[in-house]
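Given the sequences, and given the hints that come with them, work out the whole structure.
With the UniProt record's numbering applied, the sequence shown corresponds to residues 1 to 347, in that order.
Just so you know, the hints here were simulated from the structure itself, not pulled from any lab data.
Possibly wrong hints are sitting among the right ones.
Cross-link-like lysine-lysine pairs, in silico, DSSO-like; alpha carbons within 27 Å at most [claimed, not checked]: (1) LYS142 to LYS292; (2) LYS91 to LYS149; (3) LYS144 to LYS292; (4) LYS143 to LYS91; (5) LYS321 to LYS91; (6) LYS142 to LYS91; (7) LYS51 to LYS292; (8) LYS143 to LYS321.
Pairwise CB distance ranges (calculated) [stated by the list, open to error]: (9) SER315 to LYS292: 31 to 39 Å; (10) SER42 to SER79: 36 to 44 Å; (11) THR44 to LYS292: 21 to 29 Å; (12) SER328 to ASP82: 36 to 44 Å; (13) SER32 to GLU105: 19 to 27 Å; (14) TRP325 to THR180: 13 to 21 Å; (15) ILE178 to ASN80: 21 to 29 Å; (16) ASN29 to TRP325: 23 to 31 Å.
Since the model is a prediction, treat every value here as computed from it, not as a measurement.
Built from N, CA and C at the ideal position, the CB exists for glycine as well.
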Amino acid sequence: MKANIYETRKGTGTHSTTHNIYGKQNNSNNNSSRIDAAYSSSYTQAYLILKAVQLNGRRRLTTDCVYHLANSVARSWESNPDQEQIEALVKLMTNLLDSTLLCPERPLDDALQQFCRNHVPTQSVSPSVTLLIALEYIERLKKKYHNIKGTSGCGHRLIMVAYMMAAKYMHVNLRSIIQTSPPDLSDNKDTPSASTKLPPIMPLCREQTTLLPSPPTSPKAHHLDSDPLKYHYFRSPNKPIDNNTNSNNRIMTAFNCQATAHQTTSASSSLPPSPSLPDKAIDGLESPTVNKNERHNQILRMEHEFLHFLSYDLSSSDILKQIRWAHSFEHYAYIPLASIISTSDSY
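Encoded structure:
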């Protein structure tokens, strides 16, 4: 069905312009379907993630391993990485590992069941595995766009969003195969289909005063253009946001997922609260203060752009290798940060 037919006369000629009122709606539905598919469970991925969690147990990544990972992210994404930036990423990763561990005093099997009972993965049964999967996403993004560099603080924002995405992906897959006790299942109002879908990332109300990272700036090209070189990618936190500027003009998803902030809020208003990180985990991130709805939309757009650049594929094929690699650091002596920086090219 066509609507909104406008006739324009120029000289002796007449022409009409036809607009499809369902165009934006169909585009939004397609994007929603891609996102649902990205966060859907699969038997293979579920058991691979379970095996990874069991292989790692309750072990935490060593300090040396965290330094190496932080150095790798800084060198890949920061234009001029220095020791201060690397140490900031080390602090962020350390906070994630320490503040998001679920039930540290309980056995792994009990923590796994509790993780699957939770409606959203605010905490992880294995932050080490979650972080390694998140860094796999970041590495895949770099391999796809190896020439791109982010603005200042890009590494922070990449890690934060990738970690949330990895936590959601682990949660939806583990919930599909791990049995929980009947009393806990009776408390969960989710249907089987709903249990395989998680809501978009959104901070809890108690964290609204915390400064969260700002999202990437979109290109002026067609919304299907996936070349991140046309993006500032992630806005520098040192640059203030003009609150008088329309948010849709300064920040928009790569694929025009939501045309307005109102559409974004309406699409997710019926969803339950989604994962957010403890205050300690995001300590030190600098970003302009925005209201609740705008912050929600910003983080949502960051997540959607990341998914778009990954072709909506969150599957992990190398997580077991990454865990074994991470465990190898337990057999090495401490490596000074200066040595890591000076020898990083050999990695």
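*Okay, ILE178 versus ASN80 on CB: inside 21 to 29 Å?*
violated, 45 Å
*Regarding the pair LYS143 and LYS321, is the alpha-carbon distance no greater than 27 Å?*
Distance of about 18 Å is within 27 Å: holds.
*Consistency of beta-carbon spacing, LYS292 to SER315, with hint 31 to 39 Å*: holds, 33 Å
*Lying within 13 to 21 Å: is that true of the beta-carbon distance TRP325 to THR180?*
Violated - the Cβ-Cβ distance for TRP325 and THR180, about 32 Å, lies outside 13 to 21 Å.
*At the C-beta level, are ASN29 and TRP325 separated by a distance inside 23 to 31 Å?*
violated, 41 Å
*Holds or violated: are the alpha carbons of LYS142 and LYS91 at most 27 Å from each other?*
Answer holds: LYS142 to LYS91 is near 22 Å, not above 27 Å.
*Could you grab the alpha-carbon distance between LYS91 and LYS149 and see if it respects the 27 Å cut-off?*
Satisfied, since the Cα-Cα distance of roughly 21 Å is no more than 27 Å.
_Tell me if the beta carbons of SER42 and SER79 are separated by a distance inside 36 to 44 Å._
holds, 38 Å
*Distance restraint hint 21 to 29 Å, applied to the beta-carbon atoms of THR44 and LYS292*: violated, 38 Å
*Hinted pair LYS142 and LYS292, Cα distance within 27 Å*: violated, 31 Å
_Hint consistency between LYS144 and LYS292 [alpha-carbon to alpha-carbon, up to 27 Å]_ = violated, 33 Å
_Given the hinted pair LYS143 and LYS91, is their Cα-Cα distance within 27 Å?_
holds, 25 Å
Taken one by one, the earlier hints fail for this structure at numbers 1, 3, 7, 11, 12, 13, 14, 15 and 16, listed in ascending order.
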